[in-house]
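Visitor: Here's the letter readout for the chains.
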Amino acid sequence: MADLSVNICGIPFKNPIIPASGVFGYGREYEQYYELSRLGGIATKGTTGTKRTGNLPPRVAETPMGMLNSVGLQNPGIDAFIANELPHLLACDTVILANIAGSTAEECAEVAAKLDKTDVHMIELNISCPNVRQGGAAFGTSCTAASQVVAAVRKATSKPLVVKLSPNVTSITEIAKAVAAEGADAVSLINTLLGMRIDLRTRRPILHNNMGGFSGPAIFPVAVRMVWQVANAVDVPVIGMGGVMSGEDAAELMMAGASAVQVGTAIVQDPYAPLRIIDELNDWLDSNHIASAAELTGSVKPW
Amino acid sequence: MKQDKYTEKLTYSVRSMEQLTAAAWSMVIECPDVAAKAQPGQFVNLLPDGNFTLRRPISICGIDREQGTLRIVFEVRGKGTAALSQLRAGDTVNMLAPLGHGFTLPAKETRAILIGGGIGTPPMLPLAQYFGANAVVISGFRNQDAVILQADFAAAGAKTILCTDDGSAGRFGLVTLPLEEEIAAQKPGLICACGPLPMLRATAAIAKAEEIPCQVSLEERMGCGIGACLVCACRTVDPDGTEQYRHVCKNGPVFNAEEVQW
Ligand SMILES: Cc1cc2nc3c(=O)[nH]c(=O)nc-3n(C[C@H](O)[C@H](O)[C@H](O)COP(=O)(O)OP(=O)(O)OC[C@H]3O[C@@H](n4cnc5c(N)ncnc54)[C@H](O)[C@@H]3O)c2cc1C
Ligand SMILES: Cc1cc2nc3c(=O)[nH]c(=O)nc-3n(C[C@H](O)[C@H](O)[C@H](O)COP(=O)(O)O)c2cc1C
Ligand code: FES
Chain A
393 MADLSVNICG
403 IPFKNPIIPA
413 SGVFGYGREY
423 EQYYELSRLG
433 GIATKGTTGT
443 KRTGNLPPRV
453 AETPMGMLNS
463 VGLQNPGIDA
473 FIANELPHLL
483 ACDTVILANI
493 AGSTAEECAE
503 VAAKLDKTDV
513 HMIELNISCP
523 NVRQGGAAFG
533 TSCTAASQVV
543 AAVRKATSKP
553 LVVKLSPNVT
563 SITEIAKAVA
573 AEGADAVSLI
583 NTLLGMRIDL
593 RTRRPILHNN
603 MGGFSGPAIF
613 PVAVRMVWQV
623 ANAVDVPVIG
633 MGGVMSGEDA
643 AELMMAGASA
653 VQVGTAIVQD
663 PYAPLRIIDE
673 LNDWLDSNHI
683 ASAAELTGSV
693 KPW
Chain C
143 MKQDKYTEKL
153 TYSVRSMEQL
163 TAAAWSMVIE
173 CPDVAAKAQP
183 GQFVNLLPDG
193 NFTLRRPISI
203 CGIDREQGTL
213 RIVFEVRGKG
223 TAALSQLRAG
233 DTVNMLAPLG
243 HGFTLPAKET
253 RAILIGGGIG
263 TPPMLPLAQY
273 FGANAVVISG
283 FRNQDAVILQ
293 ADFAAAGAKT
303 ILCTDDGSAG
313 RFGLVTLPLE
323 EEIAAQKPGL
333 ICACGPLPML
343 RATAAIAKAE
353 EIPCQVSLEE
363 RMGCGIGACL
373 VCACRTVDPD
383 GTEQYRHVCK
393 NGPVFNAEEV
403 QW
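Residue numbers (the numbering used here), protein chains in the order written: chain A, 393 to 695; chain C, 143 to 404.
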């Protein structure tokens, strides 16, 4: 049995596997399958200042080895999250990363300020959600906007702040450096790539929103590349994600530079995916005589 | 298929497979734990073997608690259902079930009209078995070649009325005509429907005008199937008039017709 524990920004995780924001709701649906305390942590559904109803359906399309979604940040708003979901999550004996978003820097800061007064362990600021027209995309795709929103949120909270980056940029390292300079304690990546599918028969895009976020195994090589680039560019820890389907995928992302790994689409396919990935990672470490998962981080030997 | 202890939990064996029409297949799955809990109107979410990311939702068409089996009937529409149609007795299938909120059933003695359109007819079978002779099953199909399950409905003791779009089998035309006739003959205590949206909309409108409780089973593209990913949204209205999105996989697939924003 390898030592799976990792530490990010002083917060201890039992293991490095964390359900990604948006696929796990607030955990309740998964409790019928297993105890959430077995997870390294949970990144909760993106929460905004006020309730959002989300986009018109259809909101999902299958793609070769992946999927598109256009949920549009449907959520009950930060006050309802803190009142109805957070107490239950905090009783689950795992690290809770409250994922937040907003259409303005002020909204993000206001949400962070409210979370600052709770016992939540970490805040994950989504500056990259490509779904909401006025929303995250604008922040995550320019260094100025990204710096502004991170600066505003940084002022609003002393909690460990993870900034979740968008891959839909020319240079992700520039954005990573900009948010680290404004006080981000860690970065997580990658959020979904922007994608589109069309129904040939009707000539309509499958998603009602026309475009949506592309995730799943098809994006894994992009995730490995970006995690590697960012880990080499900033001093803060990196939480990696994007298409992780197995323990070996998790090990690969850690070698590229990730301190922990989030799992999204794999859970949409199979509720047990995180537990299977934890076991597979452990088995892989054991069979390669590696004592601890943390040793993997950044251990790639580039040419 | 990879076999670890978690995948095993969702792995079931196919008891039998039967081709019903050129496109439609009937599959019986051995799943005592699922059959023990399953309710009419719920669905199963199947992950076909191959390069598929998403599961395929299919309604439950038969629940046999003694045999510990479920039956599903599905039509080949795309690659996923084509892959599922390749399965044979003894093969295994990856299934998450039972899922969703099914029909809310009044007493068996209630006169119930059950409407099925095309591949929407399978979920009506457990209802026909429940209401027996008190059920009238009105099914509509494109043509004679697409007709399924009529003998099963008759075996359940239900009155069956068959309609086709082209008149090649049963009555010519839409299911709403016999629906109105049956209501006029004797007002039912419940209407249940599953099928294409225009058919559901028309059925719901008739039920509303006649003040008959109506439950409909809806379809939407799905991801997790358990209410977490929020992709399967459908627009609903609360009694106080507020509109909101609810989720077909968890709040449905069966909804009261008045709840649905048609
Ligand atoms: C609650 C529910 C119950 C259903 N019950 C039955 C049933 O009893 N028998 C039956 O034949 N079919 C049923 N369907 C429809 C069935 O799920 C689709 O025909 C099937 O998913 C198509 O998959 P495919 O790979 O063959 O098609 P593709 O078009 O290749 O599928 C691509 C993607 O779109 C999704 N998709 C395509 N059409 C539909 C659809 N109509 N509804 C939902 N998702 C769709 C697929 O799941 C997949 O993710 C039901 C759907 C729902 C939501
Ligand atoms: C259905 C769905 C909803 C998502 N919602 C959010 C969200 O609310 N906030 C967010 O930061 N990321 C969201 N994401 C992105 C994921 O957290 C993750 O970054 C992305 O899917 C890549 O990982 P994966 O390939 O393992 O899914 C969502 C992804 C999916 C599939
Ligand atoms: S399919 Fe995930 S919430 Fe319905």
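Be careful, since some hints might not be right.
[What the hints assert, rightly or not] One-sided and incomplete, this derived list gives chain A residues near chain C with beta-carbon spacing under 7 angstroms:
id: 1; residue: Met-459
id: 2; residue: Ala-625
id: 3; residue: Val-660
[Said to hold, decoys possible] With a Cα cut of at most 30 angstroms, we get these calculated DSS-like pairs of lysine-lysine:
id: 4; chain 1: C; residue 1: Lys-147; chain 2: C; residue 2: Lys-392
id: 5; chain 1: C; residue 1: Lys-329; chain 2: C; residue 2: Lys-250
id: 6; chain 1: C; residue 1: Lys-301; chain 2: C; residue 2: Lys-179
id: 7; chain 1: C; residue 1: Lys-221; chain 2: C; residue 2: Lys-301
id: 8; chain 1: A; residue 1: Lys-693; chain 2: A; residue 2: Lys-547
id: 9; chain 1: A; residue 1: Lys-406; chain 2: C; residue 2: Lys-179
id: 10; chain 1: A; residue 1: Lys-443; chain 2: C; residue 2: Lys-392
id: 11; chain 1: A; residue 1: Lys-569; chain 2: A; residue 2: Lys-509
id: 12; chain 1: C; residue 1: Lys-250; chain 2: A; residue 2: Lys-406
If you are wondering where the hints come from, they were derived from the structure by calculation, not from laboratory data. The C-beta atom is built at its ideal place from N, Cα and C for all residues, glycine as well.
Visitor: Each of the hints needs a verdict: does it hold here or not?
Guide: Here is what the structure says about each hint:
| no. | hint | verdict |
| --- | --- | --- |
| 1 | Met-459 | holds (5 angstroms) |
| 2 | Ala-625 | violated (31 angstroms) |
| 3 | Val-660 | holds (4 angstroms) |
| 4 | C:Lys-147 <-> C:Lys-392 | holds (26 angstroms) |
| 5 | C:Lys-329 <-> C:Lys-250 | holds (16 angstroms) |
| 6 | C:Lys-301 <-> C:Lys-179 | holds (28 angstroms) |
| 7 | C:Lys-221 <-> C:Lys-301 | violated (36 angstroms) |
| 8 | A:Lys-693 <-> A:Lys-547 | violated (38 angstroms) |
| 9 | A:Lys-406 <-> C:Lys-179 | violated (34 angstroms) |
| 10 | A:Lys-443 <-> C:Lys-392 | holds (20 angstroms) |
| 11 | A:Lys-569 <-> A:Lys-509 | holds (28 angstroms) |
| 12 | C:Lys-250 <-> A:Lys-406 | violated (52 angstroms) |
The structure does not agree with the numbered hints 2, 7, 8, 9 and 12 stated previously, though it agrees with the rest.
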